[in-house]
Amino acid sequence: MTDLPELSIDVTPTFVVSTALATRDFQEVHHDRDLAVARGSQDIFVNILTTTGLVQRYVTDWAGPSARVGRVKIRLGVPCYAYDRLTFSGSVTSVDDGVTTVTVVGRVSRGDHVRGTVEVTR
Amino acid sequence: MTDILAAAEEIRARGESEPFVARDPVNVPTMHAWLDALGDANPVYVSPEAATAAGHPGIVAPPAMIQVWTMPGLGRVRDADDPLWLMLTALTEAGYPSIVATDCDQTYHRYLEPGELVSVRSRLGEVTGPKQTALGEGWFVTTHNTWYVDDEPVAEMAWRVLKFKPRAAAPSPVLRPVISRDTEFFWAGTAANELRIQRCGECGALRHPPGPFCLSCGSDAVGFVVSGGRGTVFSYVVHHHPPVPGRAAPYVVALVELEEGVRMLGEVVDDVRIGTPVEVFWQKIDDSLTLPAWRAR
Numbered sequence: 221m222t223d224l225p226e227l228s229i230d231v232t233p234t235f236v237v238s239t240a241l242a243t244r245d246f247q248e249v250h251h252d253r254d255l256a257v258a259r260g261s262q263d264i265f266v267n268i269l270t271t272t273g274l275v276q277r278y279v280t281d282w283a284g285p286s287a288r289v290g291r292v293k294i295r296l297g298v299p300c301y302a303y304d305r306l307t308f309s310g311s312v313t314s315v316d317d318g319v320t321t322v323t324v325v326g327r328v329s330r331g332d333h334v335r336g337t338v339e340v341t342r
Numbered sequence: 003m004t005d006i007l008a009a010a011e012e013i014r015a016r017g018e019s020e021p022f023v024a025r026d027p028v029n030v031p032t033m034h035a036w037l038d039a040l041g042d043a044n045p046v047y048v049s050p051e052a053a054t055a056a057g058h059p060g061i062v063a064p065p066a067m068i069q070v071w072t073m074p075g076l077g078r079v080r081d082a083d084d085p086l087w088l089m090l091t092a093l094t095e096a097g098y099p100s101i102v103a104t105d106c107d108q109t110y111h112r113y114l115e116p117g118e119l120v121s122v123r124s125r126l127g128e129v130t131g132p133k134q135t136a137l138g139e140g141w142f143v144t145t146h147n148t149w150y151v152d153d154e155p156v157a158e159m160a161w162r163v164l165k166f167k168p169r170a171a172a173p174s175p176v177l178r179p180v181i182s183r184d185t186e187f188f189w190a191g192t193a194a195n196e197l198r199i200q201r202c203g204e205c206g207a208l209r210h211p212p213g214p215f216c217l218s219c220g221s222d223a224v225g226f227v228v229s230g231g232r233g234t235v236f237s238y239v240v241h242h243h244p245p246v247p248g249r250a251a252p253y254v255v256a257l258v259e260l261e262e263g264v265r266m267l268g269e270v271v272d273d274v275r276i277g278t279p280v281e282v283f284w285q286k287i288d289d290s291l292t293l294p295a296w297r298a299r
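In the order they appear, the protein sequences are chains A and B. Reading the first sequence from the start, the letters are residues 221 to 342 in the working numbering. Reading the second sequence from the start, the letters are residues 3 to 299 in the working numbering.
A hint or two may mislead.
What the hints assert, rightly or not - Calculated pairs, DSSO-like style, for lysine-lysine (alpha carbon to alpha carbon, straight line, at most 30 Å):
1) K167/B with K133/B
2) K133/B with K293/A
3) K293/A with K167/B
What the hints assert, rightly or not - Computed spacing ranges between beta-carbons, pair by pair:
4) T234/A with Y253/B: 38 to 44 Å
5) D152/B with R342/A: 28 to 34 Å
6) A250/B with S286/A: 51 to 57 Å
7) D254/A with A82/B: 27 to 33 Å
8) L217/B with S261/A: 51 to 57 Å
9) E226/A with R275/B: 29 to 35 Å
10) L76/B with R342/A: 34 to 40 Å
11) V228/B with T232/A: 57 to 63 Å
12) D254/A with A250/B: 23 to 29 Å
13) D254/A with T135/B: 24 to 30 Å
14) D317/A with E118/B: 27 to 33 Å
15) G138/B with R342/A: 28 to 34 Å
16) W284/B with T232/A: 40 to 46 Å
17) L267/B with R259/A: 38 to 44 Å
Calculated from the structure, these hints are not laboratory results. C-beta atoms are modelled at their ideal positions from N, C-alpha and C, and glycine is treated no differently.
The task is simple: from the sequences and hints, build the whole structure.
Quick look at the structure:
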């Protein structure tokens, strides 16, 4: 089983806000700390479109420019709040008919933020 | 519940929504913003040479951006026939106001190139509930989305959200004692910062915990005396688990032998051993509850 090198991201408020805007997600909980806290969150948090994009990036960083991503399947766990650190780890779990399946976990201080699989043709 | 399932059935029967068309075609500035923010340096998204070397006709968009192209944007909303919107409205009306995305399963049939205009059509999938979750009671709603360029399906997504009733805040930050006719004198005492020990109205024997009859003479005549609040640790435990509301583990609970002769439980805030001399102090939780606790003297 091949392990991917870890990727660790410093989840600054700028990161949370810039990724939310870059994914065109204007839900206030991704930009407005006062409102996020009022709704029971610890802080602003990363949106799911960004998590999907980061999982994809993590695998293509490893697989290289010639890889084709066919599928990204994720399930969210605990929120990824500003001022936390998001660390991805992954491993190849199958290679079948040219399709490599990579299992990815993204962890934050509170636990697993995301678990998922990426199917990529290399 | 049957209303929710009936609403789901009705929305599902409508089938796929009309296409919701992206505001802009796939374009390089939006790609750049995404690549910068996510830190994605894959050259096939920015360099025509790298893209053609990788077998693409030219630069391509990151596949995970598929949903970005048809995000409504600030102040723009999805069409009224959007099945997710209809289902969420039905659940809001049924008393489930909050929402969180839980699952996303995207399949890409091909990479997109700048200039292509996508549209998305959605249909309602499974609606399951009510489920008890860490966030509160809620319903899981799955929608299936297909993106098209003209009539060609280019990507698909199963998208699951939890629409929930936030769990009510705990009514009290601590466990509260059950106050009975036998014990109300004790709690009235703590509120007045008095440590009261039950005393038999007949023979004068002291007893704790309080009860309805004297253990020495069997009389039901009761009174109390006020303790001097001094004693020694008779035994103790260090509590680590399970979690107790309002307490940060580990903490120490001791059985204190009072100078008056009875034994009483309470939290100890100092490092103690069996035989450590202690005195009472008061933890005022709120206007209706004050707990006795012990510290070394």
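Structure-based check of all given hints:
1. In summary, the hint linking K167/B to K133/B is supported, as the alpha carbons are separated by about 11 Å, within the 30 Å threshold.
2. Straight-line distance between C-alpha atoms of K133/B and K293/A comes to about 23 Å, which keeps the hinted pair within the 30 Å bound.
3. Between K293/A and K167/B, the direct Cα distance comes to roughly 27 Å. Compliance with the 30 Å bound is thereby established for this hinted pair.
4. T234/A and Y253/B have their C-beta atoms about 40 Å apart, which keeps the hinted 38 to 44 Å range intact.
5. A hinted range of 28 to 34 Å for the beta carbons of D152/B and R342/A is consistent with their spacing of about 30 Å.
6. Between A250/B and S286/A the beta carbon distance is about 53 Å. The supplied range of 51 to 57 Å therefore holds.
7. Evaluation of the 27 to 33 Å hint for D254/A and A82/B yields a pass: the beta carbon distance comes to about 31 Å.
8. Range check, L217/B to S261/A: Cβ separation about 54 Å, and the 51 to 57 Å hint holds.
9. At roughly 46 Å, the beta-carbon separation of E226/A and R275/B lies outside the given 29 to 35 Å, and the hint is violated.
10. Take L76/B and R342/A: their Cβ atoms lie about 39 Å apart, and the range 34 to 40 Å holds.
11. Separation of V228/B from T232/A is about 58 Å and conforms to the stated range, judged on CB atoms against 57 to 63 Å.
12. Distance hint check for D254/A and A250/B: the Cβ-Cβ separation is about 27 Å, which falls inside the suggested range of 23 to 29 Å.
13. Between D254/A and T135/B the beta carbons are some 26 Å apart, a value that agrees with the proposed interval 24 to 30 Å.
14. The supplied range of 27 to 33 Å is met by D317/A and E118/B, whose beta-carbon atoms lie about 28 Å from each other.
15. Roughly 43 Å separates the CB atoms of G138/B and R342/A, a value that falls outside the hinted 28 to 34 Å.
16. Range check, W284/B to T232/A: Cβ separation about 45 Å, and the 40 to 46 Å hint holds.
17. As the Cβ distance of L267/B to R259/A is approximately 40 Å, the hint placing it in 38 to 44 Å holds.
In the structure shown, a violation is registered for the earlier hints numbered 9, 15, in ascending order.
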